[in-house]
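S.K.: Next come the chains, spelled out residue by residue.
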Amino acid sequence: MRPTTPAPTAGLDAELRLTRGDFTLDVALSARPGEIIALLGPNGAGKSSALRALAGLVPLTGGHVRVDGADETTTAVEHRPIGMVFQDYLLFEHLSALDNVAFGPRCQGSSRAEARSRAAELLDHMDLAAHAHSRPRQLSGGQAQRVALARALAVRPRLLLLDEPMAALDASTRIDVRARLRHLLEDFDGVTVLVTHDPLDAMVLADRIAVVESGRVVQRGAPAEVARRPRTSYVARLVGLNLFQGRGEGETVALDSAPGKDGADEVARVTPREPYEGPALVAFPPRAVALYPEHPHGSTRNVWRLTVEGIERFGDQVRVHLTGPLSLAADITPAALAELGLSRGDTVWAGVKATEVECYPG
Amino acid sequence: MTAQTPDRSRRRPRTPVPRGRVRRPRAGRVPWILVVPAVAGVLFLVLPFAGMLVRAPWPTMGARVTDPAVLAALWLSLSTATVATVVSLLLGVPLAWLLARTEFPGRRFVRALVTVPLVIPPVVGGVALLLVLGRNGLVGQYLDAWFGLTLPFTPAAVVIAQVFVAMPFLVISVEGALRGADRRYEEAAATLGADRVTVFTRVTLPMVLPGIGAGAVLCWARALGEFGATITFAGNFPGTTQTMPLAVYMAMQRDPEAAIVLSLVLLLVSLVVLATLRERWVNAS
Numbered sequence: 003m004r005p006t007t008p009a010p011t012a013g014l015d016a017e018l019r020l021t022r023g024d025f026t027l028d029v030a031l032s033a034r035p036g037e038i039i040a041l042l043g044p045n046g047a048g049k050s051s052a053l054r055a056l057a058g059l060v061p062l063t064g065g066h067v068r069v070d071g072a073d074e075t076t077t078a079v080e081h082r083p084i085g086m087v088f089q090d091y092l093l094f095e096h097l098s099a100l101d102n103v104a105f106g107p108r109c110q111g112s113s114r115a116e117a118r119s120r121a122a123e124l125l126d127h128m129d130l131a132a133h134a135h136s137r138p139r140q141l142s143g144g145q146a147q148r149v150a151l152a153r154a155l156a157v158r159p160r161l162l163l164l165d166e167p168m169a170a171l172d173a174s175t176r177i178d179v180r181a182r183l184r185h186l187l188e189d190f191d192g193v194t195v196l197v198t199h200d201p202l203d204a205m206v207l208a209d210r211i212a213v214v215e216s217g218r219v220v221q222r223g224a225p226a227e228v229a230r231r232p233r234t235s236y237v238a239r240l241v242g243l244n245l246f247q248g249r250g251e252g253e254t255v256a257l258d259s260a261p262g263k264d265g266a267d268e269v270a271r272v273t274p275r276e277p278y279e280g281p282a283l284v285a286f287p288p289r290a291v292a293l294y295p296e297h298p299h300g301s302t303r304n305v306w307r308l309t310v311e312g313i314e315r316f317g318d319q320v321r322v323h324l325t326g327p328l329s330l331a332a333d334i335t336p337a338a339l340a341e342l343g344l345s346r347g348d349t350v351w352a353g354v355k356a357t358e359v360e361c362y363p364g
Numbered sequence: 006m007t008a009q010t011p012d013r014s015r016r017r018p019r020t021p022v023p024r025g026r027v028r029r030p031r032a033g034r035v036p037w038i039l040v041v042p043a044v045a046g047v048l049f050l051v052l053p054f055a056g057m058l059v060r061a062p063w064p065t066m067g068a069r070v071t072d073p074a075v076l077a078a079l080w081l082s083l084s085t086a087t088v089a090t091v092v093s094l095l096l097g098v099p100l101a102w103l104l105a106r107t108e109f110p111g112r113r114f115v116r117a118l119v120t121v122p123l124v125i126p127p128v129v130g131g132v133a134l135l136l137v138l139g140r141n142g143l144v145g146q147y148l149d150a151w152f153g154l155t156l157p158f159t160p161a162a163v164v165i166a167q168v169f170v171a172m173p174f175l176v177i178s179v180e181g182a183l184r185g186a187d188r189r190y191e192e193a194a195a196t197l198g199a200d201r202v203t204v205f206t207r208v209t210l211p212m213v214l215p216g217i218g219a220g221a222v223l224c225w226a227r228a229l230g231e232f233g234a235t236i237t238f239a240g241n242f243p244g245t246t247q248t249m250p251l252a253v254y255m256a257m258q259r260d261p262e263a264a265i266v267l268s269l270v271l272l273l274v275s276l277v278v279l280a281t282l283r284e285r286w287v288n289a290s
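Each protein sequence line maps, in turn, to chains A and B.
Residue 325 in our numbering sits at position 323 of the first sequence, and the numbers go up by one each step.
Residue 121 in our numbering sits at position 116 of the second sequence, and the numbers go up by one each step.
Accuracy of the hints is not assured; some may be wrong.
What the hints assert, rightly or not - Selected chain A positions facing chain B (Cβ under 7 Å, derived; list incomplete):
| # | residue |
| --- | --- |
| 1 | L59 |
| 2 | L92 |
| 3 | F105 |
| 4 | W351 |
What the hints assert, rightly or not - If the Cβ cut is set under 7 Å, some of the chain A residues that face chain B in the computed set are:
| # | residue |
| --- | --- |
| 5 | P61 |
| 6 | E80 |
| 7 | P83 |
No lab work stands behind these hints: they were computed from the structure.
A virtual CB, placed ideally from N, CA and C, is assigned to each residue, including glycine.
Please model the entire structure based on the sequences and the hints provided.
M.R.: Structure, rendered in structure tokens:
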């Protein structure tokens with residue numbers, strides 16, 4: 003008997019392949035009803051294309067889209083069981099908020115009265131009853147986002163698609179709007195796929211994250227898992243960790259030397275929290291790195307002599323970029339920086355406690 | 006030499022300087038080589054109207070304007086231009102949509118064909134219409150034989166001539182508006198379950214309404230001024246096919262003062278209509 007994973011009948015089962023010029027997208031997604039999946043990735047990675055392919059706005063060159071067991075691969079956009087929230091919300095300017103939300107039900111054949119009462123109900127649920135008769139341009143960013151969500155939900159979709167739902171908002175309102183969106187999405191019983199380039203959106207809003215780079219999924223997992231154990235340098239940068247590839251040799255991990263860097267003759271070694279054998283990834287946060295003017299004495303297991311490559315402000319800390327047998331970032335206080343008197347080109351000792359170093363299969 | 010070097014920190018001298026000696030940055034001066042032709046251009050466009058106002062027979066104006074023949078021509082012009090605009094909207098907006106939103110073989114060729122009436126002399130258009138829709142024309146003979154319809158020299162022919170000449174203005178204007186409209190709104194409507202007809206009527210049309218309005222005004226103004234194709238295809242029968250431009254031309258032969266009156270009426274009507282519509286859009290957008 004061959005081991006096969008049965009395709010889930012409820013929820014989303016999609017394999018999205020499309021080629022445009024020299025860009026290829028090949029992304030598989032599956033989710034149970036009620037789950038929220040985030041496609042996280044840099045601009046141009048293909049995450050928006052994947053979302054548009056799910057909506058049917060761009061044709062697939064291969065693969066399939068199944069929603070609740072029904073094959074929707076070749077279904078026209080207007081007949082798919084989807085709701086979509088676009089990046090700038092794209093509310094119809096010539097219609098009130100209420101009529102924007104009633105648009106979908108009207109298209110599905112509801113009477114004007116039915117459509118309006120459904121729209122009013124949804125707006126009420128989103129605390130927008132007072133703005134039902136406002137024009138889109140009179141709404142704040144957060145309100146427009148909720149109207150767009152209400153409009154998408156009004157057609158009773160089984161698959162809700164959100165394209166960069168936070169991108170059109172200014173930074174000061176994001177925290178509130180994000181928390182509120184999370185709350186509203188929890189009530190939805192279908193599958194939600196959202197696209198974002200902001201790791202915070204993905205962490206807060208999603209149950210699971212798929213990181214997309216160059217048209218491929220490079221990492222999948224729960225937000226906490228992705229934040230703790232990044233698999234690519236892009237993800238590591240997003241979640242703010244130093245990441246290295248290497249080979250576990252018991253107590254220590256021998257790092258693959260970064261190509262083109264000096265010190266390739268010297269193999270850097272890292273001692274992680276627990277012994278490990280085989281191909282490994284090693285990660286630790288910049289704030290776990292301590293800097294010393296002299297070789298430190300004491301219990302710190304990982305100590306390297308490194309050169310300062312750059313110094314920048316990072317919140318209320320200072321981030322020091324170091325290079326040598328390995329390249330890493332260290333966050334120290336401005337006071338510590340002043341005490342060390344560091345500038346570009348200086349050498350310094352960097353130490354990391356083994357308990358701070360996460361090691362996982364590479 | 007050094008004394009004449011402009012001092013940037015003292016561009017505005019504190020002490021009053023006699024007029025004409027104030028040093029201005031060179032970029033601020035408008036070059037006369039552009040100003041002179043521009044002023045000449047404005048004069049050229051405005052002077053004829055001024056001349057018309059000066060020579061107008063003001064004492065008899067009231068009686069002449071209310072002359073039944075003048076009113077008949079005015080009514081014919083306004084009604085045919087309006088009907089022609091409505092026909093152009095009904096045919097031209099879908100045509101513009103097809104040109105802007107679909108790909109079909111020969112689309113570029115069709116687009117070029119649509120613009121032909123813009124560039125050919127209207128008289129030639131009138132001749133072409135007569136050859137096709139005239140009593141012995143390619144299509145006209147069947148209209149006559151099967152339905153007993155003869156188009157030439159009827160008010161319908163006036164409308165046809167005006168549509169032929171004026172519709173391209175509408176099509177070009179609406180096509181431009183459609184190409185400039187954000188198509189993502191149409192995608193949003195599609196994700197909400199709207200088929201293409203619904204997307205067109207409920208999303209696209211409201212979005213390009215200003216463009217359609219601008220095109221309709223251009224079209225109406227062009228139809229109101231139509232002369233060549235009308236006189237060739239519809240003839241010049243007072244009360245039936247003699248529109249205002251034709252009446253002006255005929256009056257010029259025998260009674261120049263009457264021509265001035267008719268011209269002023271036409272000028273006034275066009276200005277009033279354009280000003281009202283323009284005001285509306287400026288406020289709307």
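S.K.: All hints, please: hold or fail.
M.R.: For each hint, the structure was consulted:
With a cut of 7 Å, the hint placing A:L59 at the interface with chain B holds, because the nearest CB-to-CB distance is about 6 Å. Taken as an interface hint, A:L92 checks out: its beta carbon lies about 4 Å from the nearest beta carbon of chain B, inside 7 Å. The closest approach between the C-beta of A:F105 and any C-beta of chain B is roughly 5 Å, which is under the 7 Å cut-off, so the hint is satisfied. Because the smallest distance between the Cβ of A:W351 and any Cβ of chain B comes to about 55 Å, over 7 Å, the interface hint for this residue is violated.
Checking A:P61 against chain B by beta carbon gives a least distance of about 14 Å; that is not within 7 Å, so the hint is violated. With a least beta-carbon distance of about 5 Å to chain B, the hint placing A:E80 at the interface is held under the 7 Å criterion. About 10 Å separates the beta-carbon of A:P83 from the nearest beta-carbon of chain B, more than 7 Å, and the hint is not met.
Hint compliance for this structure: hints 4, 5 and 7 are broken, all remaining hints hold.
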